[in-house]
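A.B. asks: So you can see what is in the structure, the chains are spelled out below.
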Amino acid sequence: MSNLGKAFENGKAFIAFLTCGDPDLETTAAAVRAAAENGADLIELGIPFSDPTAEGPVIQAANLRALKGGVTTDSIFAFVRELRRDVSIPLAFMTYANVVFSYGPERFLCACRDIGIDGLILPDVPFEEKDEFQPVCRKYGVDFISLIAPTSENRIAMIAREAEGFVYVVSSLGVTGVRKKIQTDLAKIVGVIRENTDVPCAIGFGISTPAQAKEMAAVSDGVIVGSAIVRLLAEYGKDAPAHIGAYVRSMKEALR
Amino acid sequence: MKVTNPNGRFGIHGGQYIPETLMNAVIELERAYNHYKNDPGFQRELTRLLNEYAGRPSRLYYAEKMTRELGGAKIYLKREDLNHTGAHKINNVLGQALLAKRMGKTRLIAETGAGQHGVATATAAALMGMECVVFMGEEDTVRQALNVYRMRLLGAEVIPVKSGTATLKDAVSEAMREWTSRIEDTHYCLGSVMGPHPFPTIVRDFQAVISKEIKEQMMEKEGRLPDAVIACVGGGSNAIGSFYHFIEEKSVRLIGCEAAGRGIDTFETAATVNTGKLGIFHGMKSYFCQDEYGQIAPVYSISAGLDYPGVGPEHAYLHDIGRAEYVPVTDDEAVCAFEYLARTEGIIPAIESAHAVAYAMKLVPAMDKRDIVVITISGRGDKDCAAIARYRGEDIHE
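From first to last, the protein sequence lines are chains A and B. Residues in the first sequence are numbered consecutively from 1, following this note's numbering. Residues in the second sequence are numbered consecutively from 1, following this note's numbering.
Isolated chain A (complex conformation) (with noise of 0.2 Å):
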C-alpha cells in the first residue's frame, strides 16, 4: 500500500504526466515543482523508451527527445531522489515492460521505494502478464496501475478485482493524443469497476481541455493528462514549467 491513494484525498485528482528528461532533467523538475505547487495531485513520470507503441506523435517524440539528451534510467533515479526533498505529493512511474525488465524488476522497484515512488505503470503490461511485476511491486510498496479500456468488456471486473493504487480508465480507442471528442460511454465502464473494486478511477487518453476535464471527472475520481502537458514542453522548452503552471492551475479549477 502506498501514497497514492492521497492523490485523491483533494477532490477529484488532477493527474499530470510528463516525460523525463524531455528536455532536459532541470526543466522536469521545475515542470513538476511547477504543476504540484499549481494543484497536481499526482505526477506521472515517464521514464523514456525508444519505441512506445502505445503513445501519439507526441509523446513519441518527447520520448526521442528525452533518449537524445542522454537520460537513463539511473538518472532518474537520481533526479527523482533529489525532488524528492521538496516534492511531497504522490509521484508514478509510466515507461514500458522492457525497461523494468532490462533494469531487473527486484533491482528496479526496491529503487523505487527507495527514492519514494508510489505506483508503477506498464501499458504492454495486460493482466494476464501482471504476475511478473506485481508481486514485485508489492514487496516493496508501490502500486501496479491496472488500466481498462473501452474494448475490456467482460474483463473490466475480473481486472478491477486486483486492481491497487487507481484504475486508468482509457477513454479512446487508439494511442495517446489529445481529442476533440471522447465518445465511450465512461459512466457505465466506470459503474462496472465501482461495483467490482474501492480503488478509485482516472479516465486518461485525449483529455486536453478544462470542459473535457469537467465532464470526465463527473463520471470517475480524476483525470490523467498527458500530451497536452508535452505540447507545452515540445513548444516552450525550458520555458514550459510557467506555462505548465498555468494549465495545470486552470485544469485543477474545473475540477473544484
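Hints are computed from structural coordinates only; laboratory data are not their basis. Beta carbons: idealized from backbone N, C-alpha and C, even for Gly. Incorrect hints may have been included.
What the hints assert, rightly or not - Derived Cβ-Cβ restraints for the label pairs, each shown as a range:
hint: 1; chain 1: B; residue 1: L278; chain 2: A; residue 2: E82; range: 28 to 38 Å
hint: 2; chain 1: A; residue 1: R138; chain 2: B; residue 2: R182; range: 30 to 40 Å
hint: 3; chain 1: B; residue 1: I12; chain 2: A; residue 2: M158; range: 36 to 46 Å
Claimed, not checked - Each computed SDA-like pair below joins lysine to any residue, with the alpha-carbon atoms no more than 20 Å apart:
hint: 4; chain 1: A; residue 1: K68; chain 2: B; residue 2: L154
hint: 5; chain 1: B; residue 1: K221; chain 2: B; residue 2: E249
hint: 6; chain 1: A; residue 1: K181; chain 2: B; residue 2: D395
hint: 7; chain 1: B; residue 1: K162; chain 2: A; residue 2: E106
hint: 8; chain 1: B; residue 1: K162; chain 2: A; residue 2: P57
hint: 9; chain 1: A; residue 1: K68; chain 2: B; residue 2: N24
hint: 10; chain 1: A; residue 1: K68; chain 2: B; residue 2: D291
hint: 11; chain 1: B; residue 1: K162; chain 2: A; residue 2: L64
hint: 12; chain 1: A; residue 1: K68; chain 2: B; residue 2: E292
hint: 13; chain 1: B; residue 1: K277; chain 2: B; residue 2: T266
hint: 14; chain 1: A; residue 1: K68; chain 2: B; residue 2: R48
hint: 15; chain 1: A; residue 1: K238; chain 2: A; residue 2: K130
hint: 16; chain 1: B; residue 1: K162; chain 2: A; residue 2: K180
hint: 17; chain 1: A; residue 1: K68; chain 2: B; residue 2: A166
hint: 18; chain 1: B; residue 1: K221; chain 2: B; residue 2: N24
hint: 19; chain 1: A; residue 1: K68; chain 2: B; residue 2: T165
hint: 20; chain 1: B; residue 1: K162; chain 2: A; residue 2: A234
hint: 21; chain 1: A; residue 1: K130; chain 2: B; residue 2: K162
hint: 22; chain 1: B; residue 1: K162; chain 2: A; residue 2: A61
hint: 23; chain 1: B; residue 1: K277; chain 2: A; residue 2: K238
hint: 24; chain 1: A; residue 1: K181; chain 2: B; residue 2: S181
hint: 25; chain 1: B; residue 1: K162; chain 2: B; residue 2: A297
hint: 26; chain 1: A; residue 1: K68; chain 2: B; residue 2: I27
hint: 27; chain 1: B; residue 1: K277; chain 2: A; residue 2: K188
hint: 28; chain 1: A; residue 1: K180; chain 2: B; residue 2: E178
hint: 29; chain 1: A; residue 1: K188; chain 2: B; residue 2: Y293
hint: 30; chain 1: B; residue 1: K277; chain 2: A; residue 2: P105
hint: 31; chain 1: A; residue 1: K180; chain 2: B; residue 2: R182
Add chain B to chain A, keeping to what the hints say.
C.D. replies: Only chain B this time, still in chain A's reference frame:
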C-alpha cells in the same frame, strides 16, 4: 478467477505484452483460429488457394551444379521464390486473410520490411475484396520502391513510417498503434512468427506447409530425411516453416541464418540471437538487440526483411534448448551468395534468402558427399537488384 496462458509460451518466451485495448482482439483471434484450424471447410478453401492461386507445392530442386562446385553435401533448394508474389509470405497471408474474412473483418493492416509481406497482404486483400493498409519504414520505401508500387497497384494504401529508425520495427509499432485505434473491422495481418500470442503460433502453422512439403518431397526423391535444413531468420517465419516438421526428427540439423550486417562485432548488425539479450518488446518475450537500459537498438542489415531487432519466441526457445543453431551472416557474404546463385544455378534469390545460401556455401564443402542439405529460398531477388548494384558501386534505374 485466475486466467492462465499456457499456450502463449515457448519455454520462457512469447506471451502477450500488449495494451489492454488489444487483449479482447487477440483473445477473439485465438478463439477463431482454434475453431477454423480444425474446420474442414476452412482447410479445404485454404488448400485450394495455396494450390490453385499461390502455386503450391513449391518445387524442391536439386542444385546439381552448385553441389558439384562446392564438392560436399548434396544441395536441394526449396523454391518458395516460385510462389505467387515471389516469396513464402503468401502462405501465411492467405491463411490469415481467410481467417479474418470468416471473423467478419473487412480490412487488413500489415507491416512490411522488404515489402514482400506487404505485397502478399495487398494481393490477398485484392483477391478477397478487402481494404488494405500497409505500414512501411520510410527508409525501406526508398530501398524497396518497386514493392511500394506493386502494393499500390494492388489497391493497398502504403503509409511510410517516419518514426524511430524508419525501418521494419517502426512499421510494426505503427501497425500496432493503428490496430489499437481500429479493431472492430480490422485484422492485423502480422507477417512473421512474432508479436503477441497467438500470432507466433498462427503464422508458424500457416508456414509449416514448407517443411511438410520438404519432408514428402525428400522422401520421394531420396527416400530419407535431409541432414540439415538452412533458412534465413529475421522474425523467422520462413525458418520456422522450414524447421517445423523436423523439430522432432533429431537427426536433422536446423540452422537459422541471421543478418550480421557489417559484422557481429560492430553496432551495425541485426543478429539478434548472436548479439541480443532477453527482453520484452512488440508483444513478446524473446531476444532483442538492446542497450543496457533496455532501449531497443537501431539495427542494421542490407536486407530490409531481416533488419529487425528481435526474433520470434519459438526460435528463441529452439536456441535455448539447443535444437536449432543460429549463425551470423554478413552483408558481404550474402551479396556474394546472391551473385553466386544467380551465376551458378540461374536463380536470383532474395537478399534475405541469400543469407541462407551464404552459410550453406561455408558449411557444405566440409560435409560428406552422402549428406543432404536443404536451403530454403524464401523469396526471389528481383526487388533487390537495384540495391545490390548500388552495393557494388553501380547505379541502375529501375
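A.B. asks: All hints, please: hold or fail.
C.D. replies: Taking the hints in turn, this is what the structure says about them:
1. Between L278(B) and E82(A) the CB atoms are about 32 Å apart, so this pair conforms to the stated range of 28 to 38 Å.
2. In this structure, R138(A) and R182(B) meet the distance hint of 30 to 40 Å, their C-beta atoms being roughly 36 Å apart.
3. The given range of 36 to 46 Å is broken by I12(B) and M158(A), whose C-beta atoms sit roughly 25 Å from each other.
4. A threshold of 20 Å between alpha carbons decides the hint, and for K68(A) with L154(B) the separation of about 39 Å lies outside it, so the pair is violated.
5. Between the alpha carbons of K221(B) and E249(B) the distance comes to roughly 18 Å, so the proposed pair stays at or under 20 Å and holds.
6. At most 20 Å may separate the alpha-carbon atoms for a hinted pair to count; K181(A) and D395(B) exceed this at roughly 51 Å.
7. The suggested pairing of K162(B) with E106(A) is violated, with an alpha-carbon distance near 36 Å, which exceeds 20 Å.
8. Under the criterion of a C-alpha separation no larger than 20 Å, the hint pairing K162(B) with P57(A) is consistent with the structure, at around 11 Å.
9. Of the pairs offered as hints, the one joining K68(A) and N24(B) is violated, with about 36 Å between alpha carbons and a cut-off of 20 Å exceeded.
10. For the given pair, K68(A) sits about 14 Å from D291(B) by alpha-carbon distance, which is consistent with the 20 Å threshold.
11. Using a Cα cut-off of 20 Å, the hinted pair K162(B) and L64(A) holds, with the two alpha carbons roughly 13 Å apart.
12. About 16 Å separates the Cα atoms of K68(A) and E292(B), which keeps this hinted pair within 20 Å; it holds.
13. Restraint check for K277(B) and T266(B): the C-alpha separation of about 16 Å stays at or below 20 Å, so the hint holds.
14. A threshold of 20 Å between alpha carbons decides the hint, and for K68(A) with R48(B) the separation of about 52 Å lies outside it, so the pair is violated.
15. Distance restraint check for K238(A) and K130(A): the Cα-Cα separation of roughly 37 Å exceeds the 20 Å cut-off, and the hinted pair is therefore not satisfied.
16. Of the pairs offered as hints, the one joining K162(B) and K180(A) is violated, with about 25 Å between alpha carbons and a cut-off of 20 Å exceeded.
17. For a cut-off of 20 Å, the pair hint linking K68(A) to A166(B) stands: about 16 Å separates their Cα positions.
18. Between K221(B) and N24(B) the alpha-carbon distance is near 47 Å, which puts this suggested pair outside the 20 Å criterion.
19. Our distance criterion of 20 Å between C-alpha atoms is met by K68(A) and T165(B), whose separation comes to about 13 Å.
20. Between K162(B) and A234(A) the alpha-carbon distance is near 18 Å, which keeps this suggested pair within the 20 Å criterion.
21. As the CA atoms of K130(A) and K162(B) are separated by approximately 32 Å, the hinted pair breaks the 20 Å bound.
22. A distance of roughly 11 Å separates the Cα atoms of K162(B) and A61(A); the hinted pair therefore holds under the 20 Å criterion.
23. The straight-line distance between the Cα atoms of K277(B) and K238(A) is roughly 36 Å, outside the 20 Å bound, and the hint therefore fails.
24. Under the criterion of a C-alpha separation no larger than 20 Å, the hint pairing K181(A) with S181(B) is consistent with the structure, at around 14 Å.
25. A distance of roughly 17 Å separates the Cα atoms of K162(B) and A297(B); the hinted pair therefore holds under the 20 Å criterion.
26. For the hint linking K68(A) to I27(B), the alpha-carbon distance of about 37 Å lies beyond 20 Å, and the restraint is violated.
27. Note on K277(B) and K188(A): the hinted pairing is violated, with a Cα-Cα distance of about 43 Å set against a maximum of 20 Å.
28. The straight-line distance between the Cα atoms of K180(A) and E178(B) is roughly 18 Å, inside the 20 Å bound, and the hint therefore holds.
29. For the given pair, K188(A) sits about 40 Å from Y293(B) by alpha-carbon distance, which is inconsistent with the 20 Å threshold.
30. Only pairs whose Cα atoms come within 20 Å are accepted, and K277(B) paired with P105(A) is accepted, the gap being roughly 16 Å.
31. For the proposed pair K180(A) and R182(B), the alpha carbon gap of about 17 Å is at most 20 Å, so the pair holds.
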